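S.K.: For reference, the chains in residue letters:
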Amino acid sequence: MSMQTEPFYLNIGPQHPSTHGVFRLRVQLDGEVVTDVDPIVGYLHRGIEKLAETRTYTQIIPLTDRLDYLASMTDNVAYCHAVEKLAGIKVPERAEYIRIILSELMRINSHMMAVGFFLNDCGAFFTPVLYMWREREKTLDIFDMVCGQRLLYNYMRVGGVSQDVPEDFLPAVKKFVAEMPRYIGEYNQLIKENEIFLARSKGVGILPRQTAIDIGASGPVLRASGVKWDVRKQDPYSLYERFDFEVPTGDTGDCYDRYWVRIQEMQQSLRIIEQALAQMPDKGPICADVPQFFRPPKGEAYGYIEAPKGNLGFYIVSDGSIAPYRLHIYPPTLINITALKDMVVGWKVADLIIIFGSMDVVLGEIDR
Amino acid sequence: MTLLDQFQLFLKTQGWPEWAYYSVPAIVAILIIIIAVLSVVIVFIWWERRLISRFQIRLGPNRCGPEGLFQPVATAVKILLKEDIVPAAADKIIHFIAPITVFVPILMIFAVVPFDAGAILVDLNVGIIYVIAISSISVIGIFMAAWASGNKYSFISGVRSIAQMVSYEIPVVLSIVGIALVTGSFAMNKIVEAQSPIPFILLQPLGFLIFFLGSLAEMNRSPFDLLEADSEIVAGYHIEYSGMKFAMFYLGEYGVALAYAGVITTLFLSGWQGPFLPGIIWFLVKVMLVFSVIVWIRSTLPRFRVDQLMAFAWKVMLPMAVINLILIAVEVLLIPASLQWVAMILNFGFAAVLILLWSKIYSLGGGRVEV
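If you read the protein sequences in the order shown, they are chains S and H. Following the working numbering, the numbering of the first sequence begins with 1 at its first residue and continues without gaps. Following the working numbering, the numbering of the second sequence begins with 1001 at its first residue and continues without gaps.
It should be emphasised that the hints constitute simulated quantities derived from the structure, not laboratory data. Bear in mind that the values here come from a model prediction, so they are computed numbers and not experimental data. Wrong hints could be hidden among the right ones.
[Said to hold, decoys possible] A short list of chain S residues far from chain H (calculated; beta carbon distances all over 12 angstroms):
#: 1; residue: V33
#: 2; residue: G123
#: 3; residue: A124
#: 4; residue: W133
#: 5; residue: D164
#: 6; residue: I196
#: 7; residue: A199
#: 8; residue: I213
[Said to hold, decoys possible] When the alpha-carbon atoms are kept at most 20 angstroms apart in a straight line, the in silico EDC-like pairs for lysine to aspartate or glutamate are as follows:
#: 9; chain 1: S; residue 1: K228; chain 2: S; residue 2: D244
#: 10; chain 1: S; residue 1: K174; chain 2: S; residue 2: D244
#: 11; chain 1: H; residue 1: K1360; chain 2: S; residue 2: D319
#: 12; chain 1: H; residue 1: K1315; chain 2: H; residue 2: E1169
#: 13; chain 1: H; residue 1: K1190; chain 2: H; residue 2: D1307
#: 14; chain 1: S; residue 1: K202; chain 2: S; residue 2: D251
#: 15; chain 1: H; residue 1: K1152; chain 2: S; residue 2: D38
#: 16; chain 1: S; residue 1: K192; chain 2: S; residue 2: D251
#: 17; chain 1: S; residue 1: K233; chain 2: S; residue 2: D244
#: 18; chain 1: S; residue 1: K174; chain 2: S; residue 2: E274
#: 19; chain 1: H; residue 1: K1152; chain 2: S; residue 2: D289
#: 20; chain 1: S; residue 1: K283; chain 2: S; residue 2: D367
#: 21; chain 1: H; residue 1: K1078; chain 2: H; residue 2: E1048
#: 22; chain 1: H; residue 1: K1152; chain 2: S; residue 2: D319
#: 23; chain 1: S; residue 1: K341; chain 2: S; residue 2: D244
#: 24; chain 1: S; residue 1: K50; chain 2: S; residue 2: D319
#: 25; chain 1: S; residue 1: K202; chain 2: H; residue 2: D1307
#: 26; chain 1: S; residue 1: K228; chain 2: S; residue 2: E246
#: 27; chain 1: S; residue 1: K341; chain 2: S; residue 2: D319
#: 28; chain 1: H; residue 1: K1152; chain 2: S; residue 2: D251
#: 29; chain 1: S; residue 1: K90; chain 2: S; residue 2: D289
#: 30; chain 1: H; residue 1: K1360; chain 2: S; residue 2: E193
#: 31; chain 1: S; residue 1: K138; chain 2: S; residue 2: E179
#: 32; chain 1: H; residue 1: K1315; chain 2: S; residue 2: D367
Glycine included, each C-beta is placed from N, C-alpha and C at the ideal position.
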């Protein structure tokens, strides 16, 4: 005798504690086992690409803040990098160093949030998040120092940065870099060897190396699958070829590897900041001579950088006016979550949540 | 002779009729217990919030009253003023009965918990069996709530609840049998009195661990809080409850924590016994200590997955509980009661060996299903 059964559909989101925003997963379940998953995006769509067509090149910078709102600084850098590539603007050296220091601080900041909320998805009731938050506050204080903002910075400009860093910026960064390794050690002590955490994350949600390459994944998600690919190394932009750092990779591409790659990247970022602090010129212009109503030449350019979540690109088409003809954003997290179905099918609902959490998604970037 | 018996005897000598001298003291005692339990629960809510804030390097509620002590009162008032919403898809009657079914058995546990020498409502000769039996009724209430809400998240939670509660009851009961073997009785007072030189936490460390972990699972506390896993199924079985009905679940959650903390204190931490201070103070101190450990675990550990949870019950705790039971039975036969410290040392050795052995031969993990 065969029982008549029907699939059990569960909507996880758009309002759910663990979707990191307004994401919706239409999940087909067999008991607790996920048999199919259908990500539905678009709840946070604000039409940033379209809005950009009616704004001047400088006015677009605040819009880019709203992409990955946990890593606004690198969004700004990516956009400015694309415009500079389009117009062929040379950025002054001091501005480049400021950008690099702030980008790497942003990477540490973003990875701390990613790891903290990943642990939260595992059910660790906010303790890891709040420990990470303690150090995140320090980076936010540094950002506050340079631009007066703590979340959406609007600090970069086409050709440089909006204002020079204050006097107490360098001591603050030095203090942070000196303190941070101890805190990373503390995270490792608390999380890395936890038996339940290992049982939950090791071998769970494997993204095979070939799949990761095929879908065009980038960032820690790609590197956790064992692909040694980092824009800062493969196609060095800014001054990254001057620094000595390593690209950490994982072996299997499971949730644990994605967590561990992020922790190691934080250490590498600290190395970069240390070197940048030593090399940074004391004086000098902080912005290239770019007019207020800046008209780049006709043409198109694609600039991309290594943002905390992966390869963030901006494709800009200019018709010679003060606003871009078309601006397209290549969001790393949207590309990364296309592999979600391959990763979660066959796992339990609880695994679906942590696999999704280990991708480190920010909905501002996915929906644009 | 419990305090209740003395009270009844006193009224009898005063010439009260039989129905009155029997029922009046009982009603008074029940009221005292209910009020005491609810006030301790309020303190528990405050204590958990403050303690968990300390673990999470923040301050916690500290504005309302001294050290934020009145914050739970404010919360209670807020919850009571909320609109009582019954979903359209809900089974209205069962949705109404479920919170009561969860809450009442939890209060009934306190009937057999000895708060002090003689301060016990009924000194049942099967006290601990009664606790296990009564606390199982709450599972039915939870499943009723989950099923009657007509919500898919709460449905998952309900299915999990049955599996979890049923699995963890077995090792818990087996670890209690170990105590009964040494004590020779199931009565709570006898168990407390049997722990006068050495509390059972030292005499049966493995039994204590099994009972403690099992009771964590029974009261849905982290890392076994799969029923209300907020990152997965939002709030689980009480997702569709609000107002007073939600308050019943909320009080029930802390009430069962208090009840199990009291039972653990009675069974393993020598109950109200202790030097210098009166028994009730010792009892409350030990209960607070147990509850603090529970809060500590909640703020530290991630959650198990559902298959790991079941595997932990059946592959780790059940065999260990059986081995523990056999070892204790052999010890009771071979070692005279005057040489309890020998058994204590032996049991610590056995516990260490067993835990090391299991950590080598068995590991959590795996879990992918081909579909």
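S.K.: Run every hint past the structure and note whether it holds.
M.R.: Against the structure, the hints come out as follows:
The claim that V33(S) lies off the interface is violated: its Cβ sits roughly 5 angstroms from the closest Cβ of chain H, which falls inside the 12 angstroms cut-off. Not every CB of chain H lies more than 12 angstroms from the CB of G123(S), the least distance being 3 angstroms, so the non-interface label is violated. Some Cβ of chain H comes within 12 angstroms of the Cβ of A124(S); the nearest lies about 4 angstroms off, and the non-interface call is violated. Residue placement check: W133(S) does not keep its beta carbon more than 12 angstroms from all beta carbons of chain H (closest about 9 angstroms).
Taking the minimum C-beta to C-beta distance to chain H, about 34 angstroms, the non-interface status of D164(S) holds against the 12 angstroms cut. Interface exclusion of I196(S) from chain H breaks down, the closest Cβ pair being 5 angstroms apart, not more than 12 angstroms. Distance check on A199(S): its Cβ comes as close as 4 angstroms (rounded) to a Cβ of chain H, failing to clear the 12 angstroms threshold; non-interface status is violated. The Cβ of I213(S) lies farther than 12 angstroms from every Cβ of chain H, with a closest approach of about 22 angstroms, so its non-interface assignment holds.
Between K228(S) and D244(S) the CA atoms are separated by roughly 16 angstroms; this keeps the pair inside 20 angstroms, and the hint holds. As the CA atoms of K174(S) and D244(S) are separated by approximately 18 angstroms, the hinted pair is consistent with the 20 angstroms bound. Our distance criterion of 20 angstroms between C-alpha atoms is broken by K1360(H) and D319(S), whose separation comes to about 68 angstroms. Proposed proximity of K1315(H) and E1169(H) is supported: the alpha carbons are some 14 angstroms apart, at most 20 angstroms.
Simply put, K1190(H) and D1307(H) have alpha-carbon atoms about 38 angstroms apart, too far for the 20 angstroms limit, and the pair is violated. Pair hint K202(S) plus D251(S) holds up; C-alpha atoms about 11 angstroms apart against a cutoff of 20 angstroms. Simply put, K1152(H) and D38(S) have alpha-carbon atoms about 17 angstroms apart, close enough for the 20 angstroms limit, and the pair holds. A C-alpha spacing of about 16 angstroms is found between K192(S) and D251(S), which places the hinted pair at or below 20 angstroms, so the restraint holds.
With a CA separation close to 10 angstroms, the supplied pair K233(S) and D244(S) stays within the 20 angstroms bound. Taken as a hint, the K174(S) and E274(S) pair is honoured in the structure, with Cα atoms around 8 angstroms apart against an allowance of 20 angstroms. Of the pairs offered as hints, the one joining K1152(H) and D289(S) is violated, with about 60 angstroms between alpha carbons and a cut-off of 20 angstroms exceeded. The hinted pair formed by K283(S) and D367(S) fails the criterion: a straight-line CA distance of about 40 angstroms is larger than 20 angstroms.
For the given pair, K1078(H) sits about 19 angstroms from E1048(H) by alpha-carbon distance, which is consistent with the 20 angstroms threshold. A distance of roughly 53 angstroms separates the Cα atoms of K1152(H) and D319(S); the hinted pair therefore is violated under the 20 angstroms criterion. Distance restraint check for K341(S) and D244(S): the Cα-Cα separation of roughly 37 angstroms exceeds the 20 angstroms cut-off, and the hinted pair is therefore not satisfied. Taking the CA atoms of K50(S) and D319(S), the gap is about 15 angstroms. The hint holds against a cut of 20 angstroms.
Simply put, K202(S) and D1307(H) have alpha-carbon atoms about 15 angstroms apart, close enough for the 20 angstroms limit, and the pair holds. Proximity of K228(S) to E246(S) is assessed by CA-CA distance (about 10 angstroms); at most 20 angstroms being required, the pair is judged to hold. This hinted pair does not check out: K341(S) and D319(S) have alpha carbons roughly 40 angstroms apart, beyond 20 angstroms. With a C-alpha separation of about 37 angstroms, the suggested pair K1152(H) and D251(S) falls outside the 20 angstroms cut-off, and the hint is violated.
Taking the CA atoms of K90(S) and D289(S), the gap is about 9 angstroms. The hint holds against a cut of 20 angstroms. Taken as a hint, the K1360(H) and E193(S) pair is honoured in the structure, with Cα atoms around 16 angstroms apart against an allowance of 20 angstroms. Annotation: proposed proximity of K138(S) to E179(S) holds, straight-line Cα distance about 10 angstroms (limit 20 angstroms). Between K1315(H) and D367(S) the alpha-carbon distance is near 45 angstroms, which puts this suggested pair outside the 20 angstroms criterion.
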